[in-house]
Amino acid sequence: MIHHREIAKIMGALLVLIALLMLPAVGFSWYYDENAWPLLISMGISGLVGSILFLSFSKQDQNIRKREGYLIVALSWIFMSLFGMLPYILSHQIPSFEDAIFETVSGLTTTGATILTDIEVMPKGILFWRSMTQWIGGLGIIVLTVAIFPLLGIGGIELFVAESPGPTSDKVHPRISETAKRLWYVYVGLTLSATLLYWVGGMTFFDAINHGLTTMATGGFSTKNASMAYYDSAFIQYVAIFFMFLAGTNFTIIYFGLMGKVRRVLRSDEFKAYTIAVLALAIILFYPIAAGGNDYELAFRKSLFQVVSLVTTTGYVTDDYTQYGQGATFIFFMLLFLGGSAGSTAGGIKFVRHLTFIKNSWLEFKRLIHPRAVVPLVINGDRVTGRIITHIMNFLLIYLLTFVLGSLALSLMGYDLATSLGAVATSLGNVGPAIGQVGPVDNFAFFSPIAKIFLSFIMLLGRLELFTLLILFTPFFWRTN
11 MIHHREIAKI MGALLVLIAL LMLPAVGFSW YYDENAWPLL ISMGISGLVG
61 SILFLSFSKQ DQNIRKREGY LIVALSWIFM SLFGMLPYIL SHQIPSFEDA
111 IFETVSGLTT TGATILTDIE VMPKGILFWR SMTQWIGGLG IIVLTVAIFP
161 LLGIGGIELF VAESPGPTSD KVHPRISETA KRLWYVYVGL TLSATLLYWV
211 GGMTFFDAIN HGLTTMATGG FSTKNASMAY YDSAFIQYVA IFFMFLAGTN
261 FTIIYFGLMG KVRRVLRSDE FKAYTIAVLA LAIILFYPIA AGGNDYELAF
311 RKSLFQVVSL VTTTGYVTDD YTQYGQGATF IFFMLLFLGG SAGSTAGGIK
361 FVRHLTFIKN SWLEFKRLIH PRAVVPLVIN GDRVTGRIIT HIMNFLLIYL
411 LTFVLGSLAL SLMGYDLATS LGAVATSLGN VGPAIGQVGP VDNFAFFSPI
461 AKIFLSFIML LGRLELFTLL ILFTPFFWRT N
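Position 368, counted from 1, in the sequence shown is what the numbering used here calls 378; the numbers after and before it change by one each time, with no gaps.
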């Protein structure tokens, strides 16, 4: 039996938190002498509904099991999307439902795809809320609430597991709530550091804080139509590269590094593979970009920037990477399937899954020669169990199947093959730019209402790493026994 009242209580707490997180956007609206009423009314609606739900069921004290955990996480992203789009609709900046829900889901899932054709005319308060949605979704609002739920008498471990379903068991503290708190301290600290360096580099404070939020969230929303290409500054772009790379790193690795536990960092096979892959890909793509007429430093910076941006699923752009030939375009398209590290704010498949798949495939040749030998798969010095290997293989299969079927669906809606492949790949990987009509200098405004709703679902599916959402569509999930 599913504990519906406990779920309603937690939904209420989340909506109250969303309302409070709208407050800084109201402050920017007042500072820039804009109409703050759309944000205030959105705060009021979210806070009122949340308070009613929470207070009505505040005396509920039932254990949250895995079933409730998955349902709460899925519903929380739906509730956040529906209430998070209110500022867009009430301000008439994005009046249609399908556009508003697409922009909100894209923000919360840190995809960064947009339907806006002129970002710079948007009110500052709305733009800040747009960036804030990415920062909220970056490390996951459930991870934040797990840190504060004990104060409300709500357990959090099942929410943490459902929100972070990637194959990583690293913890910085035995208690889940302490782990969540410390990860959020790192997240906030790095966001403030990025904001300060952007500001020192020449951005206005408003632009700096917006880009600080969306960089650490690996979201890619910018306050400029040209994204990071607007800032013709090597300093700003290298700052972005550095913090995007950090945001795509497992946050427990960053925490151990900050605590001086260098051995814990160096023993991470995923971190080593992630670092080597980024550098190797940047070197490979340096040549076609340099051949395009750029000097060596600029070519390397463009190559490294776009590789880091796509691998970490941030989606900032400094260049139209589709202009460097079919080979380079194909490589950039394949980057949409990499993803950052497990336990990072990045989306995508994640390096640890690729690493497990490659190592297991390589060991399979050895098992064929020595069928009776026990050939264990070891990652980070630990033996990977058969159950985890099976889980990763199933994930990769379902991911590929979702990509193929999603691309087929868009093609049947009338879109060309490159656009269909690109839109589904970038939505599922939560990246932003892709190929076809959704390249680095394009947007998603031309899609039909049904296509936007469909891609919004794909973005949610990718952000929750498939299983958390798909399990709700299985009959045995709803069985009472």
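By construction, these hints were calculated from the structure, which means they are not laboratory data.
Hints are supplied without guarantee of correctness; some may be wrong.
[Unchecked claim] Pairs of lysine-lysine, BS3-like flavour, derived with a Cα cap of 27 Å:
(1) Lys271 x Lys282
(2) Lys76 x Lys234
(3) Lys271 x Lys134
(4) Lys282 x Lys134
(5) Lys282 x Lys369
(6) Lys271 x Lys191
Nothing here was measured: the structure is a model prediction, and the numbers come from that model.
Checked hints:
no.: 1; hint: Lys271 x Lys282; in the structure: 16 Å, holds
no.: 2; hint: Lys76 x Lys234; in the structure: 42 Å, violated
no.: 3; hint: Lys271 x Lys134; in the structure: 41 Å, violated
no.: 4; hint: Lys282 x Lys134; in the structure: 40 Å, violated
no.: 5; hint: Lys282 x Lys369; in the structure: 14 Å, holds
no.: 6; hint: Lys271 x Lys191; in the structure: 19 Å, holds
Consistency note: the structure conflicts with the earlier hints numbered 2, 3 and 4.
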